[in-house]
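Peer 1: Residue-level listing of the chains:
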Amino acid sequence: MKKRILAAMIASALMISAAACGNNEKKPDATTAAPKTSAADNANSGSTEKTYKPAADIAAAVLAEMPINSAKDKDREKLEDYFDGLDINTIVDSQFYICASGSSPDELGIFRFDSEASAKAAVTSIMDRLIERKKTCEDYPIMKEEMYKFDDAAVVQEGVWVYYIVTSNNAKAEEIIKGAIG
Amino acid sequence: MAAKKNKIDGISLSIVILNILIVMVLLTLVVLIYLYFTGKLEPTDVANMDQKASEGAAMSTTPISTVIPETEPDTSDTGEADTTPEETGEPGETEDTTSDNSTVPAVETDEYDEAFFENDLFIGDSIYTGLTGYEFLPDKNVFAKMGLTPESGRSEENGKVDGVTAVAKAKKMKPKRIFIMLGTNGLAYLGNTYMTEQMKLFIEDLKEASPESYIYVVAIPPVTKEHASQGKQPIVMVNGYNKLLRSMCEPIGVVFLDLCSKLQDSSGYFDANYAEADGLHFKPAAYKRMLSFFQKSIKLN
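Chain order of the listed sequences is S and C.
Anchor point for the first sequence: position 128 equals 128 in our numbering, and the numbering is continuous, going up by one each time.
Anchor point for the second sequence: position 216 equals 216 in our numbering, and the numbering is continuous, going up by one each time.
If you are wondering where the hints come from, they were derived from the structure by calculation, not from laboratory data.
Be a bit skeptical, because a hint or two may be false.
[Claimed, not checked] Derived pair list, reagent style DSBU-like, types lysine-lysine, alpha-carbon separation capped at 30 Å:
| hint | chain 1 | residue 1 | chain 2 | residue 2 |
| --- | --- | --- | --- | --- |
| 1 | C | Lys176 | S | Lys78 |
| 2 | S | Lys135 | S | Lys178 |
| 3 | S | Lys74 | C | Lys200 |
| 4 | C | Lys283 | S | Lys135 |
| 5 | S | Lys72 | S | Lys53 |
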């Protein structure tokens, strides 16, 4: 009798364990790299084309070296507030950081578009922002010591990528980004 | 009389029940462990749920009068009540801008209702860009430009954001309230008296553009001791300018909000809990403090 009871308990435990672990399917985790935009998932899943490093990861690598004070990332939906004329519907993946407190001019934008043509079309609006930011900061006496960040600030288009950098070391930032998207 | 034992296939009922309970406990444990290791159950979720529940309860239906401020309004500092607005016709609304110079607690949670400011316009300089930068308020409620002063705020050439001036935005929006915080940038080169005069003219422009709006002049914030030592915004000039602003408000029928005292530490400088590294701009906590202070200062009967 005792053997029966013991056998029943063991069998139950084995059955339960099998059932619980049975749903642990291994799926390709499209969100491991946590792209900020869902469009990135759509673009990557099921695609036989080249896989791209998520913009969030690239931005994180840059910020690890050149942190932005009071950095705040902006969702794709808010990009139109910062870049006049930018067609956000052509953006597949993006990461855009500003200095939210207004205390420094630092900004970092990494955008992947659905095509090279879209990337090229976006350069103008992103460059306009850079020009406007520089002019605004030039007129702002408190920013005088920060103006060096505009010396080699850049908006660069490479293939489907456009990146926009105003950081404390733009050369280093560009090196990191090029290494990631190359 | 012998007790009759209930048995199922030779196993007593109590044993069966015990087995079932053990199985249920094992099952629960296995499921919880599985969920935890697959990241679907985080310990912090429970903590956050409790926190969010309490925050939601505190903000949703609590009338302002029962939201306990860290310090209670103090009428003793100003010497006189800050001016009441020209129009008090808004039903049940009175403005109380009595300031409070008691020490700002080092850390506090300031609650405010974003919906309270839904129809308001905030006009300011780079400090106010943080209202949208940190997404405390949407773009439609903020007119902020780096370097803006009371003088340039009136300028068609230098005072535009997205192609419009503050006055034009107010004219189009017809905000319920307008909060203006300007002057920090002009301290170094415009002079307090001139800036106050320009602020007065700016307010007149806004009144003309949006006559029904309640206008609030906000004291410029303090600076840290380190920032003051650089000479561009010495604390004595900050305080002097705020004093002039306060004096300007009553005769022209606008309300003065002494935000400066809400952000000071015990020595009168910008509290480190609110000040960015540059000693001038705001940390997120400062914005919360500000919005909470504004809301509490505008009493609803």
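Peer 1: Would you mind marking each hint as holding or not holding in the structure?
Peer 2: Consistency of the hints with the structure:
no., hint, result
1, Lys176/C with Lys78/S, "holds (26 Å)"
2, Lys135/S with Lys178/S, "holds (27 Å)"
3, Lys74/S with Lys200/C, "violated (36 Å)"
4, Lys283/C with Lys135/S, "holds (25 Å)"
5, Lys72/S with Lys53/S, "holds (21 Å)"
In summary, the one numbered hint that this structure violates is 3.
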